[in-house]
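Could you build all of it, start to finish, from the sequences and the hints given here?
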Amino acid sequence: SQTIHQWPATLVQPVGSPLSLECTVEGTSNPNLYWYRQAAGRGLQLLFYSVGIGQISSEVPQNLSASRPQDRQFILSSKKLLLSDSGFYLCASWGGSEKLFFGSGTQLSVL
Amino acid sequence: QKEVEQNSGPLSVPEGAIASLNCTYSDRGSQSFFWYRQYSGKSPELIMSIYSNGDKEDGRFTAQLNKASQYVSLLIRDSQPSDSATYLCAVNMRETSYDKVIFGPGTSLSVIP
Numbered sequence: 181s182q183t184i185h186q187w188p189a190t191l192v193q194p195v196g197s198p199l200s201l202e203c204t205v206e207g208t209s210n211p212n213l214y215w216y217r218q219a220a221g222r223g224l225q226l227l228f229y230s231v232g233i234g235q236i237s238s239e240v241p242q243n244l245s246a247s248r249p250q251d252r253q254f255i256l257s258s259k260k261l262l263l264s265d266s267g268f269y270l271c272a273s274w275g276g277s278e279k280l281f282f283g284s285g286t287q288l289s290v291l
Numbered sequence: 041q042k043e044v045e046q047n048s049g050p051l052s053v054p055e056g057a058i059a060s061l062n063c064t065y066s067d068r069g070s071q072s073f074f075w076y077r078q079y080s081g082k083s084p085e086l087i088m089s090i091y092s093n094g095d096k097e098d099g100r101f102t103a104q105l106n107k108a109s110q111y112v113s114l115l116i117r118d119s120q121p122s123d124s125a126t127y128l129c130a131v132n133m134r135e136t137s138y139d140k141v142i143f144g145p146g147t148s149l150s151v152i153p
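As you go down the protein sequences, you meet chains W and A in turn.
Numbering follows our numbering, in which position 85 of the first sequence is assigned residue number 265; successive positions increment by one, without gaps.
Numbering follows our numbering, in which position 3 of the second sequence is assigned residue number 43; successive positions increment by one, without gaps.
In silico BS3-like cross-links for lysine-lysine, where the CA-CA straight-line distance does not exceed 27 Å:
hint : chain 1 : residue 1 : chain 2 : residue 2
1    : W       : Lys279    : A       : Lys96
2    : A       : Lys42     : W       : Lys279
3    : A       : Lys96     : A       : Lys107
Note that these hints are calculated values from the structure, not bench results.
Note that the structure is predicted; figures quoted are calculated from it, not measured.
Spelled out as structure tokens, the structure:
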């Protein structure tokens, strides 16, 4: 079964600072990878998806970007954080089981 | 805009009762459907998947799918306080090149001892 590693678990950043969240996947090859964000009390919003190395698609225009430098590595970045970037960020993987599994998430607070 | 809708709740049921959670989706071509449970501050956990019309049972959980009505439901029998969580309905609205999983806003369930 696949395992999705996400870190850090919590992060407090000032407005205008950069961001880098990393996600790595074990136990599956060539997965589709996703970044979701969950604002407080809200549902999951799909931010980015990737079907392979270097292939990134954005679902919503925003202050964030994503990269996939290796098959099992997915990175979410920002050059300058906004207050509205606060939320619970989740990396997810869709592998051979035809199901979507999540990492443990990063709670980001932008102050 | 492809959407997934759920009863916003909160839904409160007494311990031992049946909890019924409902979900509708907009994309008629969707083929796979999921229910996730999410405890506060934790990531969603997959509890059921369903792909064909009808019922699918797994322990105390039963998922029901009606593609003609674009409707998915989750029944939790003999509800326990540990079932208190937010339940997310998710639909794979498959795009040309990838599996695009869209989530509903979730229904908060509280099981009262």
